[in-house]
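Chains H and X, in that order, give the protein sequences.
Each residue of the first sequence is one higher than the last, beginning at 1 in my numbering.
Each residue of the second sequence is one higher than the last, beginning at 1001 in my numbering.
Keep in mind that the hints were calculated from the coordinates and are not lab data.
A portion of the hints provided could be inaccurate.
[Claimed, not checked] Quick list of in silico lysine-lysine cross-link-like pairs, BS3-like style, CA-CA up to 27 Å: (1) K289(H) / K338(H); (2) K1202(X) / K1187(X); (3) K1261(X) / K143(H); (4) K354(H) / K30(H); (5) K1153(X) / K1137(X); (6) K1101(X) / K1153(X); (7) K143(H) / K1071(X); (8) K1102(X) / K143(H); (9) K1261(X) / K1236(X); (10) K354(H) / K338(H); (11) K108(H) / K1088(X); (12) K164(H) / K229(H); (13) K356(H) / K330(H); (14) K1025(X) / K143(H); (15) K30(H) / K338(H); (16) K1153(X) / K1040(X); (17) K167(H) / K108(H); (18) K1101(X) / K143(H); (19) K143(H) / K1088(X); (20) K1236(X) / K1187(X); (21) K1137(X) / K1025(X).
Small disclaimer: the values here were computed from a predicted structure and weren't measured.
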Amino acid sequence: MTNPQIEIQLIGVVVAMACAIPGVFLVLRKMSLISDAISHSILPGIVIGFFITQDLNSPLLILLAALTGVITVVLVEVIQKTGLVKEDTAIGLVFPSLFSIGVILIAKNANDVHLDVDAVLLGELAFAPFDRLFISGMDMGPKSLWVMGIILIITILLLFLFFKELKVSTFDKGLSAALGFSPFVMHYGLMSVSSITVVGAFDAVGAILVVAFMIAPAATAYLLTANLKKMLLLSILFGAFSAISGYWLAHILDASISGSMTTVLGLLFFGVYLFAPNKGLLSVLYRQKQQRTEVSLITFLLHLNNHSEENERHINHLNEHINWQKVRSKTVVDLALKNNMISISNNIVSLTEKGKEFTNLALKYIMTNKDEKIEYMKDDFFLFRG
Amino acid sequence: MKKILFIGLCIVLIGCKNPSSTSEKLNVVTTTTMITDLVKNIGGDAIEINGLMGAGVDPHLFKASEGDVSKLYHADVIFYNGLHLEGKLVEVFEKMESQQKKTIALGEQLDKDGLIGSDYFASNYDPHVWFNIQYFKEFANTVTQVLSEEDPKNSELFVANNNLFQKKLTDLETEVKAIIETLPQEKRILVTAHDAFNYFGKEYGFNVVGLQGLSTATEAGVQDVQKLSDFIIENKVKAIFIESSVPRRTIEALQQAVLSKNHEVIIGGSLFSDALGDANTVEGTYIGMFLYNVTTIVNALK
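Modelling step: build the complete structure from the supplied sequences, incorporating the hints.
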């Protein structure tokens, strides 16, 4: 690997990690759109910073941009608290207004400067290795690696210091207030960190990739776990994985690097969405099918329990009596047989002892409206487990 | 999770082949197709040439791919147009210059007094300088000089190639003049999609009107189309032109506006503005492109 190849991947991984951490909290607080909003609403901050310093590379621009990010969040809160509009509407109201203020400022005062929307808004990961930091003539590596590295270290430090507080204030605002750390402070602390991260990452890798790195890994991890620590670890892992494999996808296709990374993030989410053990599409479908079979089984057993007449219990007449299709009745009968709940002699189906016990329990729960207990009952009787 | 890590590691390791440096030749990277063609003419087989932009690419909107990064990294010399033609890339080149990489903005080497200033940006110039053959000759001289400094043992070859190329360009100038002579002065009105042909017009006495150049915004407004169609009718312009790297929609709208006023105007053809034609065609070289443009313009306006 050549130097820029290693550096681009390093920057990608660092940005992915720095974005994943605030991203998890944003996704959990249902505020993921705020990262997209911040990425646009910071424009007036950048423009005003440029008016003051006359230098596109001044750190003041990043500071003012981050400040505008926090202002965005405050405004969203204020509008939302009126109770007249919902949070997403409030976000949608605030960021276009701020963004257009920036556009108008540029159009009015900076039209003869190279400060168009593109120049301010779009960092390009491909060129990051060529923008290097020199300290007294020594090549210290790409500038964006330093900026994002420092942001990442600060984020991790804050995460370790305030993990408990963040956790409680994310999941239970009331409890958090009762315990003495204000959810208000936590909220704006988190938003400031997100804002600074977005601005720094924006400069390093460009807008779309930042939003993707913030939301996609966290959303993917959320499909796999509800444990906050695991979710943080998983999102960092997913982000880093997408950064590296996205880079090599771009290498193979000779395509845009940030485009490929975003594609990998999307594919990763889709894959996990399909195959996740609990929340995945396939396992949900499987579970639904199982539940249908279970309901059928209980109906079938109740039917047997209710009828002592042999003609009602003849194996070939089950279809007519309980109104099932042939295939389904076979699945159900097989399941019942496998669990030793019925026995068949001379084509007549009868309940075994275990079957009777199961049916009676089910009946009891249905009669007393304790349906949820049927779930545990299924476990007790080892349904679907050989 | 371990599996994912493992697969990721495999991908990284497979990808870790060192790109073999194929030769000891000087590695030159160029941006637009015009400059690529120019450097090919001077350097020949003695140098390794990698052009970043392909045919029909708008240099303002160029997006870098992964391969472009290693091209830039391995470059010994980078030639680009400058004058803000390549957008954000220019900034990157300027940063590379401060890192002891040889990057040459050919357009910036020209005498600024002769350049056409932009109406909107005081310090900016119209970057489409290659439509003046004289400027392109200066480009070639600069390239020869830089290549000779960087690769002294081949300097004789570069100078010889340059002499040949300068002669070809002089021939081109004579030929172009001869073709344009056949077109009467009052018919020299060139209507195109955007104002890439100002240097061409200045040199050969054409009145150049770009549809999008008329308005201060980048998109042509309804008023611009109306004004320009009146202009076309007034001056009895016979043909208007499409550009290879600009959508044809706007020019077709203009044609409809003129036709609706019962005046005949045809689309005279597609001109090459910001990029050459496909490689391996005649229009894929600077000289071929220039001749094609001139004959297309003159034939349509006659």
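Taking the hints in turn, this is what the structure says about them:
1. K289(H) / K338(H): holds, 18 Å
2. K1202(X) / K1187(X): Measuring from Cα to Cα gives roughly 15 Å; hence the hint holds.
3. K1261(X) / K143(H): Not OK: K1261(X) and K143(H) at ~59 Å, beyond 27 Å, violated.
4. K354(H) / K30(H): Cα-Cα ~48 Å, so violated.
5. K1153(X) / K1137(X): Roughly 23 Å between the alpha carbons, so the hint for K1153(X) and K1137(X) holds.
6. K1101(X) / K1153(X): holds, 20 Å
7. K143(H) / K1071(X): holds, 21 Å
8. K1102(X) / K143(H): holds, 21 Å
9. K1261(X) / K1236(X): holds, 13 Å
10. K354(H) / K338(H): The given pair, whose Cα atoms are some 12 Å apart, holds under the 27 Å limit.
11. K108(H) / K1088(X): Since the Cα atoms of K108(H) and K1088(X) sit roughly 22 Å apart, the hinted pair holds (cutoff 27 Å).
12. K164(H) / K229(H): holds, 11 Å
13. K356(H) / K330(H): holds, 20 Å
14. K1025(X) / K143(H): Given that 27 Å is the threshold and the Cα spacing comes to 31 Å, the pair is violated.
15. K30(H) / K338(H): Violated, at roughly 45 Å.
16. K1153(X) / K1040(X): holds, 18 Å
17. K167(H) / K108(H): Given pair K167(H), K108(H) is violated - Cα atoms ~45 Å apart, limit 27 Å.
18. K1101(X) / K143(H): holds, 17 Å
19. K143(H) / K1088(X): holds, 17 Å
20. K1236(X) / K1187(X): Holds, because 8 Å separates the two Cα atoms, which is no more than 27 Å.
21. K1137(X) / K1025(X): holds, 25 Å
The earlier numbered hints that this structure contradicts are 3, 4, 14, 15, 17.
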